[in-house]
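From first to last, the protein sequence lines stand for chains A and B. Residue 81 in my numbering sits at position 81 of the first sequence; the count goes up by one each step and never skips. Residue 38 in my numbering sits at position 38 of the second sequence; the count goes up by one each step and never skips.
Honestly, the hints are just simulated from the structure, not real lab data.
If you only want the chain B side, here are some residues facing chain A, beta carbon under 8 Å, derived: (1) S28; (2) V31; (3) R32; (4) I36; (5) T40.
Covered stretches of chain A, going by a simulated chain B footprint (3 or more residues, C-beta under 8 Å): (6) 12-23; (7) 34-46; (8) 50-60; (9) 126-133.
Think of the CB as a built atom: it goes at the ideal place given N, C-alpha and C, for glycine as much as any other residue.
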Amino acid sequence: MAWTFIDMIKSDTLEAASEAASRIDDPRLLAFHDPGHQLGRAMARCLGWRQHIAWDTYFIFRAGVHWVGQEMPAPDYWFHQLRDREVWERTAEAEFGTSGWTQALAEKSEADPAHFATGADLRSALGEAVTAAGSGNS
Amino acid sequence: MDRRDVLTPVQSLDRGLDLLRAWFERESGHVRILAIQSAT
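Bound-form chain A, shown alone (with noise of 0.2 Å):
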């Protein structure tokens, strides 16, 4: 699993990010930092989101499934607990991280309502597709 910590509100920082990264220790989880939102652009783009950051994302893959090209392959399955905005962000005229931002975040979204989940439905809903995902029934 590759756990990416993007920077979206003002306490993200490298230190944070390290600090989440801990309370799991499990040598099979590789922990990556998106100051920049390069990856967050990038899972919006494969997802056909012109106006958005992925952030609160999570994509699964099939084995045997490789990235080729530029641009990440689609995932087979996915999930979101967004309500996300990029436009928004550009021109949002409260100050990036405050708490009017925060609150007006929860307001956009391009993320399709089907693939939302959160809390418990979001763990069951990733449990499930990892099973489809390794017995191939995509």
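Starting from the known structure of chain A, arrange chain B on it as the hints suggest.
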């Protein structure tokens, strides 16, 4: 002990996605999960 001594190393993607792509290809024989979240 310095608190930083026990933190998990985190690799920056600020110069591009090559590191992530390398992981993706290295693990291509397995199901892969790619998660992106705010740390806080």
